[in-house]
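Protein sequences appear in the order of chains E and D. Residue 7 in the numbering used here sits at position 7 of the first sequence, and the numbers go up by one each step. Residue 212 in the numbering used here sits at position 212 of the second sequence, and the numbers go up by one each step.
Calculated from the structure, these hints are not laboratory results. Here the structure is a predicted model, which is why all the values come from computation and not from measurement. If a hint is listed, it holds; no wrong ones were tucked in.
Short derived list, chain E residues pointing at chain D, Cβ under 8 Å:
#, residue
1, I11
2, R12
3, R29
4, E30
5, D33
6, Y36
7, L54
8, A55
9, R58
10, L61
Ideal placement from N, C-alpha and C gives every residue a C-beta, glycine not left out.
These are the residues of each chain, in order.
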Amino acid sequence: VILQQQDSATIRRLVEGLPEQFREAIVLREMNDLSYREIAEVAGVPVGTVMSRLARARSMLRAAWNVAEGAVR
Amino acid sequence: MNCAEYQLLLHALIDGELDAVHARDVEAHVATCAGCAEKLKTLRAMREAMAGADLKFAAPATLRDRIEAALPSPSAQIIAPRQFFQASRRSFFGGLVMGSALSAAIAATLVVGVFRSDQNEQVADQVVSAHIRSLQAGHLMDVETSDQHTVKPWFDGRADVAPPVIDLTAQGFTLLGGRLDYVAGEQVASVVYQRRKHLINLFVAQRLGAKHAGALNETIQGYNVRHWSKEGLDLWAVSDLAGDELDEFVQKISAAMHPSGSS
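For reference, chain E alone in the conformation it holds in the complex (with noise of 0.2 Å):
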């Protein structure tokens, strides 16, 4: 459960590695601090959408985290 500590650059294939939709609901986020109401005009989805985006964002991120934890091991 507790997150190995990833580097910059695995972090970042990470997030490239996730479909476009859900890369860019992260990167809105995490990287430019916008909120949901804000990343819904710019990806034009309601709000709602947001919420499941990031959540399926970050799911899909821990998975791929874990793979990469397991590499490193």
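Given the coordinates of chain E, work out where chain D should sit on it, guided by the hints.
Only chain D this time, still in chain E's reference frame:
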């Protein structure tokens, strides 16, 4: 609600998107549900790890276009015919995607628009490039500290103006730092403040090339610009902050610049 529903709301919780009632509800559930508590812990750990990562190259290529489409377009009305801006548009949004705040991007667009309305092409050119620079990751501030006693001396010997650097943290405007810029061949000091997630750029110059006399109080495409002169300085405040809050900012800066007088 079941755990699946709560787990979706965990995202809204860590993103600060829940109102107090729902936040309390979710937190109460997490307190009694080991599975959801674990999930929340993981989300927070990921968030922390990502905050430390440099994701500037991770943005999808088409994201730039989407952002461009979603942004208000004062530029289109005011500067679109100008080729230089067309050319710099790519790098402009490149800078945005490379990690600068959306509000800063819009603030920059706006300042461009304001200068443009002076019909002073040279100033506009300079402002565009100055702001493109400021949007590059790490270029929003040259000196980054909330300590006014660090920022102010930093400008001494660098800027030919002594901008007012006032700590308004107690009044809800956090001093983030300062930056030097050149606009129309003249040095401009920029003092960067933040209110909540909104950045405020306070540009200070002796006097810019433009004959921009008189106060300006405008809302352009939903973003606010204030220009005024005080103590022999030209000041511009630009932000996506609400108009009345930006007015409050201007008032506080003015009052602090000249404590005995009214603004």
